[in-house]
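There are 2 protein chains.
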Amino acid sequence: MNRSEKLVHDMLAGHRLSLARIISKVENRDSDLAAMMHLLYPHSGHAQVWGITGPPGAGKSTLVDRLAANLRAEGKRVAIVAVDPSSPFTGGAILGDRIRMQQHSGDEGVFIRSLGTRGKHGGLSHATKEVVLVLDAAGFDVVLVETAGVGQTELEILKLAQTVIVVLVPESGDSIQAMKAGLMEIADVFAVNKSDRPEADKMVRELINMVGLNDHDEHTWMIPVLKTEAVRNIGVTELVAAIAGHQAHLTVTDKRKLKTAQFLKNEVLDILTERLNQTLMAAFETKSGQELLQQLVLRETDPYQAADLISGM
Amino acid sequence: MNRSEKLVHDMLAGHRLSLARIISKVENRDSDLAAMMHLLYPHSGHAQVWGITGPPGAGKSTLVDRLAANLRAEGKRVAIVAVDPSSPFTGGAILGDRIRMQQHSGDEGVFIRSLGTRGKHGGLSHATKEVVLVLDAAGFDVVLVETAGVGQTELEILKLAQTVIVVLVPESGDSIQAMKAGLMEIADVFAVNKSDRPEADKMVRELINMVGLNDHDEHTWMIPVLKTEAVRNIGVTELVAAIAGHQAHLTVTDKRKLKTAQFLKNEVLDILTERLNQTLMAAFETKSGQELLQQLVLRETDPYQAADLISGM
Numbered sequence: 001m002n003r004s005e006k007l008v009h010d011m012l013a014g015h016r017l018s019l020a021r022i023i024s025k026v027e028n029r030d031s032d033l034a035a036m037m038h039l040l041y042p043h044s045g046h047a048q049v050w051g052i053t054g055p056p057g058a059g060k061s062t063l064v065d066r067l068a069a070n071l072r073a074e075g076k077r078v079a080i081v082a083v084d085p086s087s088p089f090t091g092g093a094i095l096g097d098r099i100r101m102q103q104h105s106g107d108e109g110v111f112i113r114s115l116g117t118r119g120k121h122g123g124l125s126h127a128t129k130e131v132v133l134v135l136d137a138a139g140f141d142v143v144l145v146e147t148a149g150v151g152q153t154e155l156e157i158l159k160l161a162q163t164v165i166v167v168l169v170p171e172s173g174d175s176i177q178a179m180k181a182g183l184m185e186i187a188d189v190f191a192v193n194k195s196d197r198p199e200a201d202k203m204v205r206e207l208i209n210m211v212g213l214n215d216h217d218e219h220t221w222m223i224p225v226l227k228t229e230a231v232r233n234i235g236v237t238e239l240v241a242a243i244a245g246h247q248a249h250l251t252v253t254d255k256r257k258l259k260t261a262q263f264l265k266n267e268v269l270d271i272l273t274e275r276l277n278q279t280l281m282a283a284f285e286t287k288s289g290q291e292l293l294q295q296l297v298l299r300e301t302d303p304y305q306a307a308d309l310i311s312g313m
Numbered sequence: 001m002n003r004s005e006k007l008v009h010d011m012l013a014g015h016r017l018s019l020a021r022i023i024s025k026v027e028n029r030d031s032d033l034a035a036m037m038h039l040l041y042p043h044s045g046h047a048q049v050w051g052i053t054g055p056p057g058a059g060k061s062t063l064v065d066r067l068a069a070n071l072r073a074e075g076k077r078v079a080i081v082a083v084d085p086s087s088p089f090t091g092g093a094i095l096g097d098r099i100r101m102q103q104h105s106g107d108e109g110v111f112i113r114s115l116g117t118r119g120k121h122g123g124l125s126h127a128t129k130e131v132v133l134v135l136d137a138a139g140f141d142v143v144l145v146e147t148a149g150v151g152q153t154e155l156e157i158l159k160l161a162q163t164v165i166v167v168l169v170p171e172s173g174d175s176i177q178a179m180k181a182g183l184m185e186i187a188d189v190f191a192v193n194k195s196d197r198p199e200a201d202k203m204v205r206e207l208i209n210m211v212g213l214n215d216h217d218e219h220t221w222m223i224p225v226l227k228t229e230a231v232r233n234i235g236v237t238e239l240v241a242a243i244a245g246h247q248a249h250l251t252v253t254d255k256r257k258l259k260t261a262q263f264l265k266n267e268v269l270d271i272l273t274e275r276l277n278q279t280l281m282a283a284f285e286t287k288s289g290q291e292l293l294q295q296l297v298l299r300e301t302d303p304y305q306a307a308d309l310i311s312g313m
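Going down the list, the sequences are from chains S and C. Counting from 1, one number per residue, gives the positions in the first sequence under the numbering used here. Counting from 1, one number per residue, gives the positions in the second sequence under the numbering used here.
If you are wondering where the hints come from, they were derived from the structure by calculation, not from laboratory data.
Computed cross-link-like contacts, SDA-like style, restricted to lysine to any residue with a CA-CA straight-line distance of at most 20 angstroms:
1) K257(S) to E300(C)
2) K259(S) to N277(C)
3) K259(S) to G289(C)
4) K25(C) to Q305(S)
5) K265(C) to Y304(S)
6) K159(C) to G45(C)
7) K265(S) to A282(C)
8) K259(C) to E300(S)
9) K265(C) to E291(S)
Computed beta-carbon distance windows for the label pairs:
10) M281(S) to E185(C): 16 to 22 angstroms
11) L213(S) to S288(C): 38 to 44 angstroms
12) P56(S) to S31(C): 37 to 43 angstroms
13) D141(C) to M281(S): 28 to 34 angstroms
14) T237(S) to M281(C): 39 to 45 angstroms
15) K202(C) to L213(S): 47 to 53 angstroms
The beta carbon of each residue, even a glycine, is placed where N, CA and C say it ideally should be.
Using the sequences plus the hints, can you model the full thing?
Structure representation (structure tokens):
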């Protein structure tokens, strides 16, 4: 066995350090990646992948924590991936929150990993997809992907989830109208967290109205709206049941197949895009590449012509 | 002349409606795009491109407005591109701010455009790059690109600017340490806006310290830290002077050439990535593509093998 084979073998046997190492290799775009994915991939395809998002301060991390505890009580193995495409203006709040997760330490049935990056071209959503594949192959029953939830990158990442839970808090109420289109597009389940606050019922009503106004027929998933109070562990069992309902809906309607196909198409696209990026940067280092760049700078050729030329090099 | 030629011809002659139409074609990824860019591109390469970013509430839009007025007073033609990769949680605040810009209405020397999108794979930063190229070709002396400033997408977009102005407000002070690495990476000039507030001087000192701690030699740009009060038009002339200083630094040190080359490489990469995306999605629609997808779903082949196969199709 070579090193990659040993690492994958150990990971499949449940060795956590090997799992952590493989995830690091995914993050660092290691040269052994293709070989490792080849060995891993046949073991994947069994995990449920849930995405959790919402505005900052909605209590996502606490809720994720409670979901994990609830799943553990059912005997399920749970992986948590906290993704923070941290801008210089937000810092890595999500990472700090992980300290709360210490209650799971020593439990072999829970694995927690934070992913973050700055500025890599499309890198974070690709890496997250592959980390989910690895955790799936490692035998986790449910992979919870939590995003900081404030931009295009996060929405891209959420596409990898089969079920997306949008966590809101009563104070978000005023801006519901503005968010409407975007929320309906990504949410499979709404959780109104911190639901002990005065405006909670009003917000629930508004969300239910919003869901009801959407066009629907017997194949449409009617997005459930649940009240939770994660810090007191209220409503979490009901939330897990609603998610299970959505997972069943995916299977019954064949939507699961479509989602799986889309996930795999995107993964192949990401691999080819990464290769294209490397090939192109190398091409620009060659003599003819440097000449082409010079022609671009001098406006003797345009970027579309250059794209034609360089793809023929 | 065909339609594209007519449109570009009119745009180059200063026809604003043609300019607006071309920008819409860029946003919609029109099939005439390559032909239009071919005609436009030789006229580009003269504009200064400034990026303006900062946390929500820092007063970016007002400051951009003042910068534009200041440049107009110097007789320069100014284009403003407000980019908002709006998540469902933030809505399009930046678009609303544009109402303040009405003072420029009727001035042919100012052109304002908002760009936004949801979820398109890498689409927004590519479109923004090409919009900047179009405005450059249309003869604007300075293109101001303002981003909502909260994520990976925005940082990607800022790469197209020659000079990046990071706008902060005194209240951001507490989190400066957290932002430090990220800010130093993108900022060419700091503006502490709303500088009438009590904590302003403290923040300026902290930023100056931070800049001073950075490694530097005679080729390093020492990031200036300026106080502004955009609503009362205080400090704006000084800010413009600091930006001019950075632009001169770029020229003297050859960094301008490097930035131009990087911008053009990225544009070629974006074009090829877009084509790859289209080719791949079409390939998955063919009979052999569908079979490959089925093999992926059944775990008979892995995504890296599939990438090899499909790029050979």
